[in-house]
Amino acid sequence: MTDTEKIAEEGAPRAVGELTFREALAELESIVAVLESNTLELEDSLTAYERGVALLGSLQKRLAGAEQQVEVLMGELVAAPTDEERDTTLS
Amino acid sequence: MTGVPGAEGPGGEAPAALSVSAAMGLAKGALESVVVRLVGEVSELSDKPGYKAVYFTVKDEKAALPCMMWMNRYQAAGVPVAVGSLVEMTGRFSLYAAKGRMSFDVFTIALAGEGQLRLQVANLARELEAMGLMAPERKRPLPAYPQTVGIVTSPRGSVIHDMLRTLRRRYPLAKVLVAGVPVEGPGAADAMVDGLAKVVFGGAELVLLGRGGGSFEDLMPFNDRRLARTIAACPVPVVTGIGHEPDTTIADLVADVRASTPTAAAEAVAPTRQETDGRLAGLGQRLGRSMELRLTGAARSVERIAALSLFREPERLFDGEALALDDLAGRLSRALPAMLREDRHRVGLLAEGLARMLPSALAAPGAAVAASRDRLAVRGATLTDRFAGQLAADRQRLLGAAEHMADPFRSALSVSAARLHDLSPLTVLARGYAIARDGEGAVVRSTAQVEPGAPLTVTVADGAIDCVVEKTR
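Chains as they are written, first to last, in UniProt numbering: chain A, 1 to 91; chain B, 1 to 473.
Hints may be right or wrong, so weigh each one.
[Said to hold, decoys possible] Interface residues of chain B toward chain A, partial, derived using beta-carbon atoms under 8 Å:
| no. | residue |
| --- | --- |
| 1 | Q147 |
| 2 | R170 |
| 3 | L173 |
| 4 | V176 |
| 5 | G195 |
| 6 | G284 |
| 7 | L287 |
| 8 | M291 |
[As the list claims (entries may be wrong)] Derived list of chain A stretches under chain B, where covered just means 3 residues or more per stretch with a C-beta under 8 Å from a C-beta of chain B:
| no. | region |
| --- | --- |
| 9 | 23-31 |
| 10 | 34-45 |
| 11 | 56-66 |
Think of the hints as simulated: they come from the structure by calculation, not from any bench.
Note that the Cβ used here is the ideal one computed from N, Cα and C, for glycine as well.
Given only the sequences and the hints, what does the whole structure look like? Please build it.
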């Protein structure tokens, strides 16, 4: 099932926090597209707008607060040489 | 061989000098009996169609050797000889007596060293291409903003850190699974196959396969058949970033996306942070603007409807009906008198017609009535005769009976009259009694009924006397 189909599906929308970044972004894009197409009833467009604002806020918050998570499955990661070390090796 | 002809030592008997041809023949015989194997770099090459042989020169730092290879042998060898190629050849020296030139008659030729490797790689590439592993339609698009990214590369050196830093800068939300594997030397290809499987199993939505630059030989693990087939069969897209730009490995050719360097491979995962931020900001603006437009549009629609005359002057809604009503009323009032007039006229006509027709209509029944009357008159005269006699006799009997009918009552009446006479107050008055009545005509039976001065009427036999009460006793 693609992201758009998930959105098109009737029923209670999933909580914003449960969506992946990609899903949330895709849903936001489709909400903007639908709002711009001006085909919704006023009440529905207000609901969509609220959802879009929530999605946008979640996406921006996620990016701002993200810390890279690295899991090493094989081998042993050797720390990156610092710039200082690099300079020493080069000279 | 006993001695060298034409090369007798000094002091010996000098044999006859050899002709050039004989001398060359001698040399030819000596050279051509020796088969040697040698390695050299191709410098000049003459490979013209129509020639019976290919001519080229091999050299090293100090020497050069012209070579020729019969075309049938050359084609059978299947080795693309090019200037600069390192080749390994077997053959023998040969002397072209007519020109006094020596050349090397090549039996077999093969690329040596890297050239050999390159040929193997080219052959494998051709084979895999024929199998369709490099077809453009096989290339899958990369998932946008993946949650998990796999990296297969050396755990040592700057490459892994360049990739991690690039991902961190662009899209820190991605979880990174790292398979740190050797990327050169024997066993590297197998380790990379293993690493790919591990990160895919770990949930990677795409895999970055990378290493830094190196010699052609260093990159050989990326030209491995098994690795190529693993990449092609990988359930998620694979991005390669191997070596530096001009190096192309088979892994690059079968990958879904080929990036020029490991860092470029990491950059393929997600757009820059500014781009993502800009995209989100743009979506936010469009979201706000479209909602605003929607709201102002809705407000305008309401205003437009409110401004409709229907709502401003609701009574106008029935204008049509009111006009129709007036019209009908007018038509009715005009139509009614006219209709009455017409009706009256018709009644008049009918009355006239009736008056005209009535006498003649009555004539026939009138004649019938007259005839009946006549007949009745004739019959009626005799009709009563039949009853007249009977009637007279009955009347006579009635009269006779009536004459004596009152007799008993008459005698009873005279007795009653005599008794009535005896009882009459008048008779009592005649005997000298009187009746006193007060002013209202009531009979006075007690002194309490009258006051002195009250009028009193006293009735006697022949009349009445009006008195006034003097006093009571």
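Hint check results:
1. Q147: Holds - the Cβ of Q147 of chain B comes within 8 Å of chain A, reaching about 5 Å at its closest.
2. R170: violated, 10 Å
3. L173: holds, 5 Å
4. V176: holds, 5 Å
5. G195: holds, 6 Å
6. G284: holds, 5 Å
7. L287: For L287 of chain B, the interface hint holds, since the closest Cβ of chain A sits about 5 Å away, which is under 8 Å.
8. M291: holds, 4 Å
9. 23-31: holds (count 4)
10. 34-45: It holds, with 6 qualifying residues against the three required.
11. 56-66: holds (count 6)
Violated hints amount to a single one, hint 2; each of the other numbered hints is respected by the structure.
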